[in-house]
Every structure is written in C-alpha cells, then in structure tokens.
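*Asks:* Residue strings, one per chain:
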Amino acid sequence: MDIALKTNNIGKCFYDPIKFQVLKEVNFEVRKGEFLTMVGKSGSGKSTLLYILSTMDTDYSGDLYIDNQLVTGKSLDQLAQIRNSKIGFVFQFHYLLQEFTCLKNVMIPALRLGKLSTEEIEYKAYNKLEMLGMRDQALKPANKLSGGQQQRVAIARALINEPLLIMGDEPTGNLDSKNTQIVFEIFQELARSNHQTIVAVTHDNDFAQKSDRTIEMLDGKIIRE
Amino acid sequence: MPKINLQIALNYIGSNKKLTAVASLGVVLGMAIYIFMNSMLAGFGKKSDESIFKTTPHVRVFSEEQLSRPLAKDTSHLAMLINPKIRPKTNKIINPTQLIALIKGLKDVRIATPQVSQNVFVNMGLSQLSIRAVGIIPDEADQLFNLTATIVEGKVEELDRSSNNVVIGSGIARKLGIRMGDNINVLSSKAITRNFKVVGIFQLNNKREDEGKMYIHLKAAQQLMKENEAYVTDINVQLSDAKFSKQISCLLRSMIPYQAEDWESANETAMAAARMRTIIINFVSTAILLIAGFGIYNILNMTVSQKINDIAILKAMGFEGKDVVSIFVTQAMVVGMMGVSLGVIVAVLMIKLLKKVYIGGDIGYFPIEFELPKFLQGIVFGFLITFLAGFIPARKAAQVDPVSIFRK
Chain U
1 MDIALKTNNI
11 GKCFYDPIKF
21 QVLKEVNFEV
31 RKGEFLTMVG
41 KSGSGKSTLL
51 YILSTMDTDY
61 SGDLYIDNQL
71 VTGKSLDQLA
81 QIRNSKIGFV
91 FQFHYLLQEF
101 TCLKNVMIPA
111 LRLGKLSTEE
121 IEYKAYNKLE
131 MLGMRDQALK
141 PANKLSGGQQ
151 QRVAIARALI
161 NEPLLIMGDE
171 PTGNLDSKNT
181 QIVFEIFQEL
191 ARSNHQTIVA
201 VTHDNDFAQK
211 SDRTIEMLDG
221 KIIRE
Chain H
1 MPKINLQIAL
11 NYIGSNKKLT
21 AVASLGVVLG
31 MAIYIFMNSM
41 LAGFGKKSDE
51 SIFKTTPHVR
61 VFSEEQLSRP
71 LAKDTSHLAM
81 LINPKIRPKT
91 NKIINPTQLI
101 ALIKGLKDVR
111 IATPQVSQNV
121 FVNMGLSQLS
131 IRAVGIIPDE
141 ADQLFNLTAT
151 IVEGKVEELD
161 RSSNNVVIGS
171 GIARKLGIRM
181 GDNINVLSSK
191 AITRNFKVVG
201 IFQLNNKRED
211 EGKMYIHLKA
221 AQQLMKENEA
231 YVTDINVQLS
241 DAKFSKQISC
251 LLRSMIPYQA
261 EDWESANETA
271 MAAARMRTII
281 INFVSTAILL
291 IAGFGIYNIL
301 NMTVSQKIND
311 IAILKAMGFE
321 GKDVVSIFVT
331 QAMVVGMMGV
341 SLGVIVAVLM
351 IKLLKKVYIG
361 GDIGYFPIEF
371 ELPKFLQGIV
381 FGFLITFLAG
391 FIPARKAAQV
401 DPVSIFRK
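Protein chains in written order, with our numbering: chain U, 1 to 225; chain H, 1 to 408.
Okay, derived cross-link-like pairs now, DSS-like style, lysine-lysine, Cα gap no bigger than 27 Å in a straight line:
(1) U:Lys144 / H:Lys18
(2) U:Lys115 / H:Lys322
(3) U:Lys210 / U:Lys178
By construction, these hints were calculated from the structure, which means they are not laboratory data.
Start from the sequences, fold in the hints, and give me the full structure.
*Replies:* Rendered as structure tokens:
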C-alpha cells in the first residue's frame, strides 16, 4: 500500500506560560485513499498535531513525510508550494474570502498554482461546485450563503488542485446533522472513488465511527488506533 | 507576479472605496503641493539670478586695495615702526589688454570686457548728486548685462557715437528733472568737469541702481580719471554657463595677481537667502508628501487587520510570504498611482493659474514655470513613499502565522 503521510517521533512543547509537552513521540502512517479521523478531549493535542501535519506549524521535533518525501526542515516557501499542490483544507468556520464569489473562492488555489489557463480552471471549479451541489450558487458572493453552503464551497476549494491529502479541522463542527451527513458522504466518496486521503479532527463520535480508521489521543499520545 | 495577487489587491481596493479615496486624496494634495512648491522655488531662483546678472558679471576681476606691508621679509628680530595704510593707485589693473586676451583664451569664457568705475558728481543747476559712473564698451556690456532690455528711453548704442553721451538711471532723471537730450555737468574726483548729453534712461526697478548709476563710454571714463587707454579698474567676465563661475574664478586667482570674484561670492546675502529658501521649501514639501505616505500606511494597516483571516487562508492554500507582500504593496501602489497622476494634474493647474498672477515691481508676473525635473522628482519621490508606506504593513501581513489565527 502507498503511504500518503507518515510521522516519526513527532513531539511539540509550548513554553508559554510554562513548559508543557503537548505532543509526545507521535508515530503513525496514513495510507493513500484512507479516511482517517482523529478524536480526543480538548487539550489532547489532536488539533496541534493536525497543524503540524498540514505543514503550517514548523515548530516541532521529529520528522514528517508527505507523499514519501521528508518535509521537515524545508523553507517556508517550499512548504507553501507543497500545501498549494498537495493539500486541501477545510476548516470549522469555513473561512471563505467573503468579498469574492463562490466561483472565485474555488478558483484561487488553482490560479495560484498556475498550471492551467483561467478558462480551464473556471470549468473545473464549476465541476467541483456541481459535485457538491452548489453550481447554481457559483456567482453569489460568499457572504450571502448559509453556513452549510459555505462549508460545501470550502470543500470544493480544497479539491480544486486534486490534492493528495484533504485535511479538516472540525469540518462539521459548525453544521447541523443534515449538512454533517452531506459532508461525510462527500469525504467518503472522495476517499473511495478518487483515492484521495482524508485526515480530519472531529468531536463528533458518530462521524468518527463511520470513517475508515480512528485515532484517539489523550495527553499528547495516541492511545488507540 | 501571479495575476491572482493583482485581482485580490483590486478586490480589496474595491471593497474599501471610501478609505481608498481618502488615502489617494492625501497623495493628490501632497504630490500637487510638492511639485508646486519646488517649481516655485526653481522659479524664484531663476528670477533672482536673472536680476543679479543685470548688475553682476559671472566673474569680476579687479585689483583689490591692499595695505602697505613692510619691505623686510623676516621681521621677527627687528624693531619696527610702521604706519599701514591703503596704497594709492593700486586699483589699476596693469596691462589689461594682455590680461583680457588671456582670459578670453580660457575654456567656457564668452566675453571679457574692461570697465572703469568711479564716483562722480552730477550737477544740474543747483542740485548735485553723487553717482557711480561706469565706463563701458557699449556692445560688450550690453551683451553681458542685457542693458537694452532695461532701457526705457533712448538706446545704449548711442554711447558709441560720442564719448560725450551718457545713459542714466531713471531715479537720477526723476530727481534732477532730466529728460532725453538734456545736458548734465559731471565733476570727477580728479577735478575734471565735462558736459554729457543724456541719450538713454534705464530702469532696473532697483532703487539703488536707478538712483545711483550711469553708463558712459570707457574712453570718457578714462579721460575723467586723467588716465590713458591702459587704465582699467575691472574686467567683467561672462561664461557660457553661470555654474562654471566658482571654478573659473579659482583658476583666475591662481593665474593672475588680481582678485577674481564670482557672482555667488559677490552676492553672498542673496545666496544665503536662496539657500534658506531651498531648505525651508524642501523641508515643508517633503513633510507634506510624507504625511500623504502616512495616509496610505494607515489604510493598509487597517486592511491588514481586517483581512487577517483572509491572509491566514491564503497562506494555508499555499500563498507564499512574497505573494502576500505583493498583494498589499500592489494595493498601495494603485492608491499611489491614482494619487500621483491626479496630483500632477492639480499641480499643472495650480502653476497655470499662478503664472497669471501679477506681482508687480521688479518681479512682474509670479515667477513660476513648468519645471520638468521637479515633476519627475515629485513622481519618483511620490512612488517611493507609497511603496514604503505599503511595504511596511505588507511585510507585517506576510509574517502572520496562520495557525494562531485558525486556533482562536
């Protein structure tokens, strides 16, 4: 099996206000096409771990491999490139750029990557929105949509560059049960048919149980896989 | 720069129209006033130089009065009784023809013309005035001081026709009630009396000159001094460009045993005033432009704070630090571009308007011109300030740590 993500003894300390070890020797692997959820109480370190996996947090010990490539120690610009081409993000508070249309929001990561022409990107963005049932809202400004709709647009945006990894920080944390169900089905579909890898932090045990694999964390350690 | 950065920058400008307009307006005013004040400064400078050159040559060579000195070279072991005083007759330049030829041979020298200055009395009936009589070679002096332009009646060339002709200042004419064609009686310091016929009246709008100066032919001046044709008190030198004056005067001082004074040293007071003016105007206009920069800095800072979530998302999606910098610097530059271009238009209008304002006196119309270098200087400076005002908040934006934003 191909490995999408691998950690080797990842640890992290907070020094403010006092020295506190949030993560201790975290070792695990995620296979390509796997739908992984991470659960745990508040303060168990699961979000901290996710941000390290996302390459946005570089202040940690140990090694991180994405797509069999060591990313620990790379420059910030190189990491930005990796995020741009290989990782898609979905956040709890949907975080769309409010002054842009849905379509533009979806297009932005691809425009940044610059591999396709604007017309091709637009066509692709419409496809992604279609997949998430948001095609008819494409030209509305992001701030005119409901929370569930914004979250679906954010997922479309995470998918635009066909990333290897999709990471979610409480992707359903702000949604009602109907929208939660929709998001879950989308993730499952992406993992099964597109063979994309999903790593999501969640509080929702129901959501976690239905995923392929669940990692439970407590006090900075993985206590159950 | 990827096109998407520009699009995001433009979007932010569009969503903050009012603030953008206010910031641009600041640049417009700063820019307009900067260009306007600097053009005014250049105009003043030109006007002031122009009026100086009406009476002062670029370089004047003259023999300075010297105190008599002891003949012995080493006086340390001698008891001396001395009575220092100005040596008589030393203001004469020896062998002027050869000296003029030498000066004319120098690079950048256009004209070198002899002059004899002396103080005389002008009698008209019972009135008597003490006046400086300047003996000149009319056509050379005319080229040097542009005398013809200051003549209100008569002609300078008339001086050539007879050594008994004289051109007087308008103040003298008024005080003594003299008209063109009248005769005046002149008494020199060598007790020579001679009648001159008024063939021209000049007016410099400078009271001291208009009431205290008259031009006669060089030969007449020499005769009044009881001297021969080799008697010359000054040599006036005109250069191809006034900026060589210092250099040439230095060179002349080292070559000849006489004093060579450039026009800037001769008008030290006017020059000091001009330097003061330059400092004040530069200071004020730069301060105004800087304040415009603060306006941009302010709006950018505000946008960065407002859009801190957007910045975090962009970074999460793979925008590098330099992309974020380019987004915000572009925003500043667009504001700057609008401000600078409108500012240039306003400056042009202001200068056009002020050119038509009549001041009167020696100055006439307000001395301001379209100074292209000042416009360019203003534009470059405006963009530089805009860039800096944008770059500082942009760098701050680039340093935003997305994780700290997402975890709030």
